[in-house]
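Spelled out from the first residue to the last, the chains are:
4 protein chains.
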Amino acid sequence: MSQYRVLIDANDEKGLVYKVSSVFYQNDMNILSNSEFVDKENNKFFMRSVVEGDITLEKLHKLISDIMPENANIDVIAPQDKNIIIMATKEMHALGDILIRHEAGELEANILAVISNYSDLESLVSRFNIPFVCISHVDLSREEHEDKILEHLTKFKAIDYIVLAKYMRVLTPQFVEVYEKKIINIHHSFLPAFIGANPYKQAHERGVKIIGATSHFVNNNLDEGPIIAQEVIHVDHAYGWRDMQRLGKDVEKVVLSRALKLALEDRIFVYANKTVIFQG
Amino acid sequence: MSQYRVLIDANDEKGLVYKVSSVFYQNDMNILSNSEFVDKENNKFFMRSVVEGDITLEKLHKLISDIMPENANIDVIAPQDKNIIIMATKEMHALGDILIRHEAGELEANILAVISNYSDLESLVSRFNIPFVCISHVDLSREEHEDKILEHLTKFKAIDYIVLAKYMRVLTPQFVEVYEKKIINIHHSFLPAFIGANPYKQAHERGVKIIGATSHFVNNNLDEGPIIAQEVIHVDHAYGWRDMQRLGKDVEKVVLSRALKLALEDRIFVYANKTVIFQG
Amino acid sequence: MSQYRVLIDANDEKGLVYKVSSVFYQNDMNILSNSEFVDKENNKFFMRSVVEGDITLEKLHKLISDIMPENANIDVIAPQDKNIIIMATKEMHALGDILIRHEAGELEANILAVISNYSDLESLVSRFNIPFVCISHVDLSREEHEDKILEHLTKFKAIDYIVLAKYMRVLTPQFVEVYEKKIINIHHSFLPAFIGANPYKQAHERGVKIIGATSHFVNNNLDEGPIIAQEVIHVDHAYGWRDMQRLGKDVEKVVLSRALKLALEDRIFVYANKTVIFQG
Amino acid sequence: MSQYRVLIDANDEKGLVYKVSSVFYQNDMNILSNSEFVDKENNKFFMRSVVEGDITLEKLHKLISDIMPENANIDVIAPQDKNIIIMATKEMHALGDILIRHEAGELEANILAVISNYSDLESLVSRFNIPFVCISHVDLSREEHEDKILEHLTKFKAIDYIVLAKYMRVLTPQFVEVYEKKIINIHHSFLPAFIGANPYKQAHERGVKIIGATSHFVNNNLDEGPIIAQEVIHVDHAYGWRDMQRLGKDVEKVVLSRALKLALEDRIFVYANKTVIFQG
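Residue numbers (the working numbering), protein chains in the order written: chain B, 789 to 1068; chain P, 789 to 1068; chain Z, 789 to 1068; chain C, 789 to 1068.
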């Protein structure tokens, strides 16, 4: 008995659920969970099923492909640890939370390496027997720096996700294109956000009573990629901007780990600069 | 084109989704939304579909019944305003919230009457052109009082739900049995709760930092019926028990209105003293 | 024994607490609650005390004024219902929540009138024996329309607060100036916000996972006044923009009522386009 | 210039704020923050001030003691890292969160040692250069086991707090007495709670829609000590009890770290089995 996650998105039309479920039924498969969503506005159908049965991944994929319309995207995935790269700069909270979850066996992931433009985090990372790679940006153009990172990344056979755990540099469109829909960022604000440097200082000056954080896929518009998860925390006048920043870290790490978990469990569809996420 | 909500629960077995969706497909129906859940532990399958097509309710019900196993419960519902009775005592917050929502057209409901054991709320209710019925419990046994209420309720052809909007009397098993799975209560606590009189005073004495409220169906164990919705609010040492009670009212009305809305939209399955609720 | 709320803000300097508390002590007054805050950045001191004693308001004010620095703002307030005007347009949820709270005796307020540019809400308001004034904006310039409202407002001796309960017109700087720090608005977003028409539609297009609402004092920059309260609610891909709008209403009414209550209890200081709020 | 945290609790009487602030004023001290609370019911006064000035701790303590009533408890504390012991069993999430925060410099604490009745956590702890002490309970009575722990603890000069980061054994009254008001626990529920083994399983069976966690000081009634912090998270029918347990871990670590931080910053008063906590 093998278990598979089946993810399908297609233009909506009658009979899609019927056709997919007929494949499962005719091959004597159990449906462990099943979620569908139709975006009427964009006429898009989304379905995620977790099924088990005595069938190969290839055969299941073929049977579904045969019956689905041409325009459908079909993923059949056997659950296994995904390969991830973490990129960070100097801050420890988001990275540390992932390292501890990984150590506790909570994440379906192999951490291939942590890459940073500084060496500050080396001491922490190396304790977890995870390769730490410092690629300094000093005296390099943005492109030169990224080329060195990309070169290093080619050493790894397959990278499922790159997690920006407070990586404080903007990635170029060239870099993002290579890892489209695979780069997960944590943004220190809900969106729309205070634009520019030090959003906590801006939030404090504006006198907000709530601060938040957003995890999203990175696309070529800075901080504008498809949102995966958001969370907030209440503050009041007694919080200076440094207090907000400190509290914000707690929200950031929670939101990033939540988003990463959703990605590792193949729960996220990305389309129209948005996400459909099946939690059930 | 008619729209229907189809609710099915059954012992889980292979092919249930396939069979139901085949009925929709073969009758050229659109699936507007579709949710399933399998409780592995209890081997129970739940499905709620919103569909539209050129078919009568009776025929759709028959077609699904023909193809489903004997043990299945099948509901096919044409969306329309449900008939509800509100029972209250003296407090205005939960009742008032429902009245305003009803007035604003937010609820799929006709309020047939508000019944109270006091006359305090008559002035408010009558302004909304809703019948107010005062049935005093003074000098009556619990059974005599309920008999008078039950007698009044028989005047109404069909009652879909009875909403206890801070009705401060315990209902007898005899009463509850008549309206099984139809009585929605708001409890001034999350559950498990401080037992007995004045839970806010107890919560205050215990020094809790969170208070909450629970909406649930009423069964024959007081405060022990299937939970529909819960919400909480943070408090601190500066809140006396009366402050907690006041804040608690805000949570109570939110939770009760949320639960009522879920019920009116036929989103709730009840089984094993729990609920399965499809929000999507 | 009389009870007073004493509100003081001043440039921070040593001895302010000592000096104020010496007045209370030397006049044999009880301190029921006492809150202070110092904004180091702006060197500003804020203090709110609730005290009781055998002394007139005037004498207490004078004693404190004598001992405080020249730059201090001193308010001594005897708790009593404040006079408020509600302005609304067509939507019922925020107004209705205030009306029910007022009816239930939860608000320290007299509602002098509800003013609207449409007549839709007249039926609801009149049931609560509150004057409803329809001042249509049709065929009037913004200034002409506001002049008619201002003229009507002059009929009332003292207006403590004007509550914009989904009043959908932008007020001119001239109007705002007349009621500086007295106009409380509810904004259908947290701030910073999606700018322009239909923020819920924009939020939906952006694929946000949280929506919120903000209550703030109105100043001459639209949606940019000092924030009083904010709240959020989680959404997901299954919520269309109308669902978000409907859920948003629940947040809006909660936030506006919370802000109004804080204002009525004299808990808010406004400065530097921010608020200091003592909840304790 | 030295900075001090001054904590005072006393039976309430007139003039307490005046007297304390007079000490500050006459010694030319700055008040950086100041919070007071009066529990009318118990007639208890609480005050926490952060002050700075050119004065020794001993002198400041003496001046305040001289002027305060006999019954007052007075603490004058110079901010410095506190000495803490962490006790854990096998689970990594709560401990890991504290270790990362400590490593990141977020905690005002020296971690003297981590003590466990198993060796599972040794690998993690030792990476952080923190002594790990395994004191097995196998073949020992509860008292014998605790004696060994107590003996080990006597090696440390001063222990400010013992943090039970998922230490899964019940402490005896004898142990608790030694470290009264110094032991901070995390409980996997809000309180009141499902009693007994596996509360998540019970919560799941009850069909709750919210789960939570509570951090509290340990007293001699199991899970009944003064509450410091509580938090909750929403769940639904799709969460099995293991899912609830996993989600619960996220809440547990957040709540425990929050409580620890409050303790380390001397923000907590304990009385009447409750806490007064000044966050400002």
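Careful, some of the hints might be misleading.
The list treats identical chains as interchangeable, and a pair is accepted whether it falls inside one copy or across any two copies.
Said to hold, decoys possible - No farther apart than 30 Å at their CA atoms in a straight line, the calculated lysine-lysine pairs in the BS3-like style are these: (1) Lys828 - Lys1049; (2) Lys989 - Lys847; (3) Lys936 - Lys847; (4) Lys878 - Lys850; (5) Lys878 - Lys832; (6) Lys828 - Lys945; (7) Lys807 - Lys989; (8) Lys832 - Lys989; (9) Lys807 - Lys828; (10) Lys847 - Lys878; (11) Lys828 - Lys878; (12) Lys1049 - Lys870; (13) Lys832 - Lys807; (14) Lys943 - Lys807; (15) Lys832 - Lys945; (16) Lys828 - Lys870; (17) Lys832 - Lys1049.
In short, the hints are calculated from the structure, not lab data.
Being a predicted model, the structure only gives us computed values, none of them experimental.
The hints, checked one at a time:
Taking identical chains as interchangeable, the C-alpha atoms of Lys828 and Lys1049 lie at most 30 Å apart whether they share a chain (28 Å) or sit on different chains (23 Å). Proximity of Lys989 to Lys847 under the C-alpha cut-off of 30 Å is found in neither arrangement, the shortest distances being 56 Å within a copy and 39 Å between copies. Within a single copy, Lys936 and Lys847 get their C-alpha atoms no closer than 40 Å, and across copies no closer than 61 Å, so neither meets the 30 Å cut-off. With identical chains, the CA atoms of Lys878 and Lys850 are never at most 30 Å apart, being 46 Å at best within one copy and 45 Å at best between copies.
For the identical chains of this complex, Lys878 and Lys832 are neighbours neither inside a copy (41 Å) nor across copies (35 Å), given an alpha-carbon limit of 30 Å. In this assembly of identical chains, Lys828 and Lys945 lie within 30 Å of each other by CA distance neither inside one copy nor across copies; the values are 39 Å within and 38 Å between. For the homomeric pair Lys807 and Lys989, neither the shortest alpha-carbon distance inside one copy (54 Å) nor that between copies (34 Å) is at most 30 Å. For the identical chains of this complex, Lys832 and Lys989 are inter-copy neighbours only, at 18 Å across copies versus 41 Å inside a copy, given an alpha-carbon limit of 30 Å.
Taking the closest pair of Cα atoms, Lys807 and Lys828 come within 30 Å of each other both inside a single copy (20 Å) and across two copies (24 Å). Taking the shortest alpha-carbon separations for Lys847 and Lys878, neither the intra-copy value of 47 Å nor the inter-copy value of 43 Å comes in at or below 30 Å. Proximity of Lys828 to Lys878 under the C-alpha cut-off of 30 Å is restricted to the inter-copy arrangement: shortest distance 29 Å between copies versus 44 Å within a copy. Within a single copy, Lys1049 and Lys870 get their C-alpha atoms as close as 11 Å, which meets the 30 Å cut-off; across copies the closest is 35 Å, which misses it.
In the homo-oligomer, the alpha carbons of Lys832 and Lys807 lie at most 30 Å apart both inside one protomer (16 Å) and across protomers (23 Å), since each shortest distance falls under that limit. For the homomeric pair Lys943 and Lys807, neither the shortest alpha-carbon distance inside one copy (41 Å) nor that between copies (49 Å) is at most 30 Å. For a Cα distance limit of 30 Å, the shortest separation of Lys832 from Lys945 qualifies neither inside one copy, at 33 Å, nor across copies, at 43 Å. With identical chains, the CA atoms of Lys828 and Lys870 are at most 30 Å apart between copies only, with a shortest distance of 27 Å across copies and 33 Å within one.
With identical chains, the CA atoms of Lys832 and Lys1049 are at most 30 Å apart both within one copy (25 Å) and between copies (27 Å).
Checked against the numbered hints given earlier, this structure breaks hints 2, 3, 4, 5, 6, 7, 10, 14, 15; the rest are met.
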